[in-house]
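Model the full assembly from the supplied sequences, consistent with the hints where possible.
According to my numbering, the residues represented by the sequence shown are 33 to 442, in order.
Every clue listed holds true.
Label pairs and their computed distance ranges (CB to CB):
#	residue 1	residue 2	range
1	122	382	17 to 27 angstroms
2	400	281	34 to 44 angstroms
3	154	185	34 to 44 angstroms
4	109	397	23 to 33 angstroms
5	194	69	30 to 40 angstroms
6	199	332	18 to 28 angstroms
7	407	113	39 to 49 angstroms
8	128	394	17 to 27 angstroms
9	248	200	27 to 37 angstroms
10	185	317	19 to 29 angstroms
Within a straight-line C-alpha distance of at most 30 angstroms, the following computed BS3-like cross-link-like pairs (lysine-lysine) qualify:
#	residue 1	residue 2
11	127	117
12	378	117
13	383	134
14	311	180
15	245	311
16	257	411
17	260	183
18	202	383
19	127	383
20	378	134
21	260	411
22	383	397
23	202	397
24	180	202
25	202	311
26	411	245
27	134	397
28	202	378
29	397	117
30	311	411
31	173	183
32	407	202
33	183	202
34	378	397
35	117	134
36	407	257
37	383	245
Honestly, the hints are just simulated from the structure, not real lab data. C-beta: ideal position from N, C-alpha, C; glycine also.
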Amino acid sequence: MFESSSLVNSALELYKSFRDFVGIKDAIANNSHQLLSEDIEPRGARGRLERLPTLEAEGRDDFLTGFRNWRGSTVQLAARNRFNKILSESGLNPKDDIPLEKIHSIIENDPVVGAEGLMRIYSQRFAHRNFYLSFADEADKYLEEMAKYEKLGPGSIQLDPSINIPAYAKHEIHMQPGGYVGNPFAGHLYHYGTNAFYSARARDNYQDQYHAKLAEQVPTPHDNKVTKILDIGCGIGQFAVALKERYPEAEVWGLEVSAPMLRYGHMRAVDQNVAVNFKQGLAEDTRFEDNSFDIVASYIIHHEMPADISRAIFAEAHRILRPGGFYFPIDFFTSGRRGIPGAFPKYQEWKDHRWNNEVWRMEYKGMDFAGDMEKAGFKVSHNGLPTSLDPYLEDNRKSISRNICGTKIA
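And the structure:
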């Protein structure tokens, strides 16, 4: 277990994580957020981020985020060191590509490695419960709020009650209760939950600044013509809004299978006075016209779906892009690089797949992403900017993976 002499230091690290987290939230509240009569904000907003409805809920969120930050640094480091020591004592090199079955047989009963995993799982579950109860306790009020926003602009929202939601979209990804399609507050849970996740990864996004950074990295077609953009699998619209802010003259669409995510995303876009058009639909069958978009982009959707659906999306993106248009799918290691090799990153990735409901994470890892894009008709460039940070790299080193870009050839 942890050395007794390190308990005080661990407590200090947890306190520092909590202190730094609260300080960050207070320091970044400087972005626009208009207050409309339909808007329900019992405790106001910090810039673009509406505060949680109660101080009690916000206090739990602050504590859990600090705890997760500590778990992802101090505790994960202890687990990694213990993991590597056990493998070394078993005559194995922790830097080798060891089969998972072998790793499990050696590691599965170790209390330190197990404790790190349990901390991760249960802090995630507690956070989801905190966010859900924050809004579900007054469900009628918050559901009515979203319904009122559907009639407001700028921008628009098109929901399709008759849509046949595919089975792959119904999983409770990241252990989120109800998943993205089975909970009316899926957008709320996703937004506040990912804020906590980004903060615990030292990559704050309370004002959507990470999405803004990614939008700046989306390449512009060589002819500089950008009149229509599509964000496939837009979720709550953070990336779509950032694209509209980067290309203010363009018509920006966000496509998403989940109605709750779209309703929440449209509400936020209206609050920010950003005109994005949200549409419920399938990324593999968008129902948009041929050759109708200059840019099609996405943010971390492909590792959340089967590989054959990703390939269908490649074909669909190629169909709806105009000749010379760009397809820019942001995700983990699209260029083929898989991060620093080693047994611990491999084991942590498997745990993410098994316990965090990343159902297709391992299948995604085996994809020839660039090759499949080329088969769909794209000319693929590997010269995109680095945008991914692998959460399992040792020493928190950034990956040198570059996102690839596909061009539709005339």
